[in-house]
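2 protein chains.
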Amino acid sequence: MLSRLELLFSINVTGMKKSVIRELLKLTQKPDIISFAGGLPSPETFPIDQVADLAREVIREDGTWALQYGPTEGDPRLKEAIAGFMATENIRVKPENLLIVSAAQQGLDLVGKVFVNRHNPVIIGRPSYVGAIGAFRSYAANFIGVDLDDEGIRTDELRMLLKQMRLEGNLPKFIYTVPDFQNPAGVTLSLKRRQELLALAREYQILIVEDTPYRQLRYVGRHLPTLYELDEGEGIVISIHTFSKILFPGMRLGWVMASTPIMEKFIIAKQSMDLCTSALSQAIAYEYFKRGWLETHIQENIALYRKKRSVMLEALEKYMPGHPEISWTKPEGGLFLWVTIPENIDVDRLFYQALEANVAYVSGTGFYTDGGGKHAMRLNFSYPSESQIVTGIQRLAEVISGNLDI
Amino acid sequence: MLSRLELLFSINVTGMKKSVIRELLKLTQKPDIISFAGGLPSPETFPIDQVADLAREVIREDGTWALQYGPTEGDPRLKEAIAGFMATENIRVKPENLLIVSAAQQGLDLVGKVFVNRHNPVIIGRPSYVGAIGAFRSYAANFIGVDLDDEGIRTDELRMLLKQMRLEGNLPKFIYTVPDFQNPAGVTLSLKRRQELLALAREYQILIVEDTPYRQLRYVGRHLPTLYELDEGEGIVISIHTFSKILFPGMRLGWVMASTPIMEKFIIAKQSMDLCTSALSQAIAYEYFKRGWLETHIQENIALYRKKRSVMLEALEKYMPGHPEISWTKPEGGLFLWVTIPENIDVDRLFYQALEANVAYVSGTGFYTDGGGKHAMRLNFSYPSESQIVTGIQRLAEVISGNLDI
Numbered sequence: 001m002l003s004r005l006e007l008l009f010s011i012n013v014t015g016m017k018k019s020v021i022r023e024l025l026k027l028t029q030k031p032d033i034i035s036f037a038g039g040l041p042s043p044e045t046f047p048i049d050q051v052a053d054l055a056r057e058v059i060r061e062d063g064t065w066a067l068q069y070g071p072t073e074g075d076p077r078l079k080e081a082i083a084g085f086m087a088t089e090n091i092r093v094k095p096e097n098l099l100i101v102s103a104a105q106q107g108l109d110l111v112g113k114v115f116v117n118r119h120n121p122v123i124i125g126r127p128s129y130v131g132a133i134g135a136f137r138s139y140a141a142n143f144i145g146v147d148l149d150d151e152g153i154r155t156d157e158l159r160m161l162l163k164q165m166r167l168e169g170n171l172p173k174f175i176y177t178v179p180d181f182q183n184p185a186g187v188t189l190s191l192k193r194r195q196e197l198l199a200l201a202r203e204y205q206i207l208i209v210e211d212t213p214y215r216q217l218r219y220v221g222r223h224l225p226t227l228y229e230l231d232e233g234e235g236i237v238i239s240i241h242t243f244s245k246i247l248f249p250g251m252r253l254g255w256v257m258a259s260t261p262i263m264e265k266f267i268i269a270k271q272s273m274d275l276c277t278s279a280l281s282q283a284i285a286y287e288y289f290k291r292g293w294l295e296t297h298i299q300e301n302i303a304l305y306r307k308k309r310s311v312m313l314e315a316l317e318k319y320m321p322g323h324p325e326i327s328w329t330k331p332e333g334g335l336f337l338w339v340t341i342p343e344n345i346d347v348d349r350l351f352y353q354a355l356e357a358n359v360a361y362v363s364g365t366g367f368y369t370d371g372g373g374k375h376a377m378r379l380n381f382s383y384p385s386e387s388q389i390v391t392g393i394q395r396l397a398e399v400i401s402g403n404l405d406i
Numbered sequence: 001m002l003s004r005l006e007l008l009f010s011i012n013v014t015g016m017k018k019s020v021i022r023e024l025l026k027l028t029q030k031p032d033i034i035s036f037a038g039g040l041p042s043p044e045t046f047p048i049d050q051v052a053d054l055a056r057e058v059i060r061e062d063g064t065w066a067l068q069y070g071p072t073e074g075d076p077r078l079k080e081a082i083a084g085f086m087a088t089e090n091i092r093v094k095p096e097n098l099l100i101v102s103a104a105q106q107g108l109d110l111v112g113k114v115f116v117n118r119h120n121p122v123i124i125g126r127p128s129y130v131g132a133i134g135a136f137r138s139y140a141a142n143f144i145g146v147d148l149d150d151e152g153i154r155t156d157e158l159r160m161l162l163k164q165m166r167l168e169g170n171l172p173k174f175i176y177t178v179p180d181f182q183n184p185a186g187v188t189l190s191l192k193r194r195q196e197l198l199a200l201a202r203e204y205q206i207l208i209v210e211d212t213p214y215r216q217l218r219y220v221g222r223h224l225p226t227l228y229e230l231d232e233g234e235g236i237v238i239s240i241h242t243f244s245k246i247l248f249p250g251m252r253l254g255w256v257m258a259s260t261p262i263m264e265k266f267i268i269a270k271q272s273m274d275l276c277t278s279a280l281s282q283a284i285a286y287e288y289f290k291r292g293w294l295e296t297h298i299q300e301n302i303a304l305y306r307k308k309r310s311v312m313l314e315a316l317e318k319y320m321p322g323h324p325e326i327s328w329t330k331p332e333g334g335l336f337l338w339v340t341i342p343e344n345i346d347v348d349r350l351f352y353q354a355l356e357a358n359v360a361y362v363s364g365t366g367f368y369t370d371g372g373g374k375h376a377m378r379l380n381f382s383y384p385s386e387s388q389i390v391t392g393i394q395r396l397a398e399v400i401s402g403n404l405d406i
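Residue numbers (this note's numbering), protein chains in the order written: chain A, 1 to 406; chain B, 1 to 406.
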């Protein structure tokens, strides 16, 4: 072993930690445990037979393309299909403003590489998606958290924060947000807040990174415009999307939209990351679009997850102890909801009791960079079955009840 | 557009340039041009029907795994298969020292992220693979070049350089090398040099990054041990491998081997880059291994490329003007050879004359970070057909002849 090895590691790595969530997930894989901890789409939704036949056809008929290196920007046919899909959301995007990525996580890594110098401030929600925290941390970002409420990120807090940061000559590079059915909190940024967020970004001339993997999975209420749409081509918003939740994750496929000067940097940066995204994955996704299967498939996913969400909300209503400090969000879409528990209960300690009772969640603490989340947990409703959801919530409610002050 | 946008970009990006090679490649795609410029494997080698049927079977029978997220470390079955493959090269690697990556370029990005702070010195060959230069540049590395000759990187030059760098208190993080049939020069690091390189790395306690994508494609001569093998588990060598050249590139699949403390950092860093490599690609590659098809397939590739290499060497011998300053390497494997031309000819200017004559190459200048390579070019022999190789070399020889001093 090199004696100097520790000295050789970069500063990017010193901040890196093994994902606590990932380590805990390993504990939740025992067969008897009902896990609300993961974030996986349900394999029930995978269109296995369709994709199996499609893959065979695509390789047979187009193998010299699908098995070869592809352009860094992505398969032009898939880009066009996605642009058409975006048009159904009132977004008119030119091919040069759309980059195919190896799923949304690569989009986050691109944002980190292209914008974050070590110790640069970056604004995130309290709580925020752990993968985004990990990506920006890997460029040694400094995180500044802004609270969320039921309408998403608190723009009043953000306004004061930005004013202060400008005074200190230390404006952030960007604000990171998951506007639709946020992971982990399950809340949706209201239209008013979307407009305020954009106005603030415009005023302070900073970027907004919109990460919206669940957007198409809305179960109740009406679609809100994306920040990218509201930006109206001004170039303030970088918008990150993925096929992982609307089709399946195993292809590692997503797309990013941004203004032309940003896109130029993204393309060069992506080239240094993986040269190009799998031509095979792209060819399969393109054919899936072409046959018009995606829209039907999304509707099927929505039906399945809508039911699971209702089952979880009903179970929470029925089994959770009535206590002024116990509450949960009621997400209009996505895969997660967020439960707040009384201040006298430490959610990390509760986790082991829950495991004993054969139920698992993710502690809120993993979604904060500043020690928050000690009395909150994320519950996933997409992966467990309906009966598992009911039983699991019963178990969880009992564990919480056992910890309440009487 | 944000007025402050230029201020928001990171220092990583300021050094990034559009790949000149990539831009020039666009010029070479006109139908009449015979291009020696690309680096693509020949689609003739793609086992299209095998993979088409395999993909269908794998998805049908294993779809809930193959279409889902996978572990960041990689599919344990594929890791075991690769460990078996490595054993045929005298490498005994434990699963925890082997990481599946989204092809070799991601391996290079991992090395950059985990080891390079801005302005850290990194030693590369003169010339070096552009993708490695791009990856390390995206972490703002400082490059220090060491010349290559027919035996690979010059360890005598390296020895003096390291001595000097230690005196200056500025030792490099690592030495980057493509020991087998180097891209672009086509030269192979001799056994003696491999041992000297390791001895130097050991003496100065720095790492060696071994990038060996073509290793299995040897057409003449005997296999030399990898640096990873010669390291004997001391942890000095990080070894990067890919399926792109031995199977096909469209899956984006490779693997990295390193000591346990390095691997721990790589896994966390990979998580922030793309969470995991495509489970579908991994399942296909695993089945390809399991059926014992890979060895046969590699032998077929070797037969095809060996012939193309001979055709190119014979054509060079036959058509290139006899001139003391014109020479070319005779690679024992891989996809490329390197032609040196007289000092009075600027290879970048010659490029446009070559295009006029309907033949293309890559100028040497793209493979240097210090302005070298003005009188050299890289020729690829894997992609063009045998008859294209003969005609293309005739055309190239005429263009060069027209530029010689008489």
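A few of these clues could be false.
A pair counts as met if it fits within one copy or between any two copies, since identical chains are not told apart.
[What the hints assert, rightly or not] Capping the alpha-carbon separation at 16 Å, the derived lysine to aspartate or glutamate pairs in EDC-like fashion look like this:
#	residue 1	residue 2
1	94	229
2	330	234
3	26	343
4	318	73
5	330	314
Everything labelled a hint here was simulated from the structure, so no lab data went into it. Only a predicted model underlies this, so the values are computations on that prediction, with no experimental measurement involved.
To see whether the hints hold, each was checked on the structure:
1. 94 to 229: Within. Shortest intra-copy distance 13 Å satisfies the 16 Å Cα cut-off; inter-copy 50 Å does not.
2. 330 to 234: Intra 33 Å, inter 54 Å, cutoff 16 Å: neither.
3. 26 to 343: Neither: 27 Å inside a chain and 62 Å across chains, both beyond 16 Å.
4. 318 to 73: Answer is neither; intra-copy 50 Å and inter-copy 41 Å both fail.
5. 330 to 314: within (11 Å within a copy, 73 Å between copies)
Checked against the numbered hints given earlier, this structure breaks hints 2, 3 and 4; the rest are met.
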